[in-house]
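These are the residues of each chain, in order.
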Amino acid sequence: MKIKKNLAISDTGFVFDPSTGDSYTLNPIGLEIIQLLKNNLSLEEITEHMTREYDVDSNTFERYFYDFTGMLKQMQLVIPDEA
Amino acid sequence: MKHKQLNIAISGLNNVDSPGPGIPVIRGIRESGNFTSRIIGLAYENLEPGAYMHEFVDKTYKVPYPSEGVDSLMQRIQYIHEREKIDVLIPNFDSEIFVFIKLADKLKQMGIHTFLPTLEQFEERHKSNLNTFGKTHGIKVPENISVTSLEEIEQLRQKDKIEFPVVVKGKFYDAYVAKNPEQAAMYFAKISAQWGLPVVIQEFIRGTEVNIVALGDGEGRTIGAVSMRKQYITDKGKAWGGITLDDPSMLEYARKLIHSTRWRGGMELELIRTADHALYLIEINPRLPAWVYLAVAAGQNLPAAMVQLAIGEKIEPFEFYEVGKMFIRYSFDMICDLSEFQNLSTLGEL
Numbered sequence: 619m620k621i622k623k624n625l626a627i628s629d630t631g632f633v634f635d636p637s638t639g640d641s642y643t644l645n646p647i648g649l650e651i652i653q654l655l656k657n658n659l660s661l662e663e664i665t666e667h668m669t670r671e672y673d674v675d676s677n678t679f680e681r682y683f684y685d686f687t688g689m690l691k692q693m694q695l696v697i698p699d700e701a
Numbered sequence: 016m017k018h019k020q021l022n023i024a025i026s027g028l029n030n031v032d033s034p035g036p037g038i039p040v041i042r043g044i045r046e047s048g049n050f051t052s053r054i055i056g057l058a059y060e061n062l063e064p065g066a067y068m069h070e071f072v073d074k075t076y077k078v079p080y081p082s083e084g085v086d087s088l089m090q091r092i093q094y095i096h097e098r099e100k101i102d103v104l105i106p107n108f109d110s111e112i113f114v115f116i117k118l119a120d121k122l123k124q125m126g127i128h129t130f131l132p133t134l135e136q137f138e139e140r141h142k143s144n145l146n147t148f149g150k151t152h153g154i155k156v157p158e159n160i161s162v163t164s165l166e167e168i169e170q171l172r173q174k175d176k177i178e179f180p181v182v183v184k185g186k187f188y189d190a191y192v193a194k195n196p197e198q199a200a201m202y203f204a205k206i207s208a209q210w211g212l213p214v215v216i217q218e219f220i221r222g223t224e225v226n227i228v229a230l231g232d233g234e235g236r237t238i239g240a241v242s243m244r245k246q247y248i249t250d251k252g253k254a255w256g257g258i259t260l261d262d263p264s265m266l267e268y269a270r271k272l273i274h275s276t277r278w279r280g281g282m283e284l285e286l287i288r289t290a291d292h293a294l295y296l297i298e299i300n301p302r303l304p305a306w307v308y309l310a311v312a313a314g315q316n317l318p319a320a321m322v323q324l325a326i327g328e329k330i331e332p333f334e335f336y337e338v339g340k341m342f343i344r345y346s347f348d349m350i351c352d353l354s355e356f357q358n359l360s361t362l363g364e365l
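Keeping their order, the protein sequence lines are chains V and X. At the far end of the first sequence sits residue 701, using this note's numbering, and the numbering has no gaps. At the far end of the second sequence sits residue 365, using this note's numbering, and the numbering has no gaps.
A portion of the hints provided could be inaccurate.
[Stated by the list, open to error] Derived lysine to any residue pairs resembling SDA-like cross-links, with alpha carbons at most 20 Å apart: (1) X/253 with X/277; (2) X/251 with X/201; (3) V/622 with X/338; (4) X/245 with V/656.
It is worth saying that the hints were derived from the structure and are not from the lab. Quick caveat, the model's predicted, so the values are computed rather than measured.
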């Protein structure tokens, strides 16, 4: 899954989609995940990072991850061809 | 280098909750680095706020509504011209543009320049002609049917030619989504009472409304175009907040349309972006819109460029604007002296 290239993501968690004018706010964990996605990390790499940094097991994290990325797809924040 | 000064007459000073484009157009003109301006306001009503906004409007004259007759409007323009030596006239109401297109040659003989679409361009993009317009220029438009009576709406429904919801639109202004025949009848009555006939019944396209302000040079070239999405819409459907977009397909759309129509002057394209990313044209307004100052702030001073085109200057197209620039409207109570209101209402000048 690739995040739209022109998506503007601020350090405070404010996300602006310049092609639609929509904006969103992310909590710190959401911000961290979207930045990892933007850096083209795979699910495995992201899971490894998050389970290392936070008190969460990989199964639980993956459940939350798919929930989160499902929302990104719904909001059309990912590149359509690879969504 | 000393800049030339231009005397520019501008209407649409009704800077109210459903604002005319006059004041935003003036703001752009005032910020031009290529000329200075004396702004002559043309007001139809005594309480048009722009008449009292002296930082934007240097002198205001009351003018008769075009519906009162072209001759009386022309006489009034002549009177104003004798005093002010108007260089450029910018009408900003949909309802007066037709009249000023008709008067453009006479005005030019007097030395007053306009930069308006041709009569053919103006007529072609009418809401009632939108189907043909779409076919001619190869663009998607919703089905539009002009009706002059309630019975016609019922007949269309019986023949399955319309499917609810539909959008009921006035020939100049106003649009309401009608979910059933009863609502369609109500909106038909409301719109026809205010704006006359025909009323347009438009297919409802589901999606997000996006808008483009653009300026065509009349030879097929786009001088500038900025796309915007309304972020906050009033109960009258007007933008109270908006943001510039980075959508190359919208700008390409505007360029193609201007090239195909050889559009002359300002325009606002009202479009619906559907879930599958198709763009449907729902309306072309033949003038700069009230949100045009957003384009100025984002880097394209389209009002000033229009003035330069009007006086025959060659200008290079804008190639860039700032994405993510926002506007937020606000209301503000201006305090005025009775004497000013008195002058405008009795003498017709302020």
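Verification of the hints:
1. X/253 with X/277: Distance ~28 Å between residue 253 of chain X and residue 277 of chain X Cα, so the pair is violated.
2. X/251 with X/201: 16 Å, holds
3. V/622 with X/338: Measuring from Cα to Cα gives roughly 16 Å; hence the hint holds.
4. X/245 with V/656: 28 Å, violated
Of the numbered hints listed earlier, those contradicted by the structure are 1 and 4.
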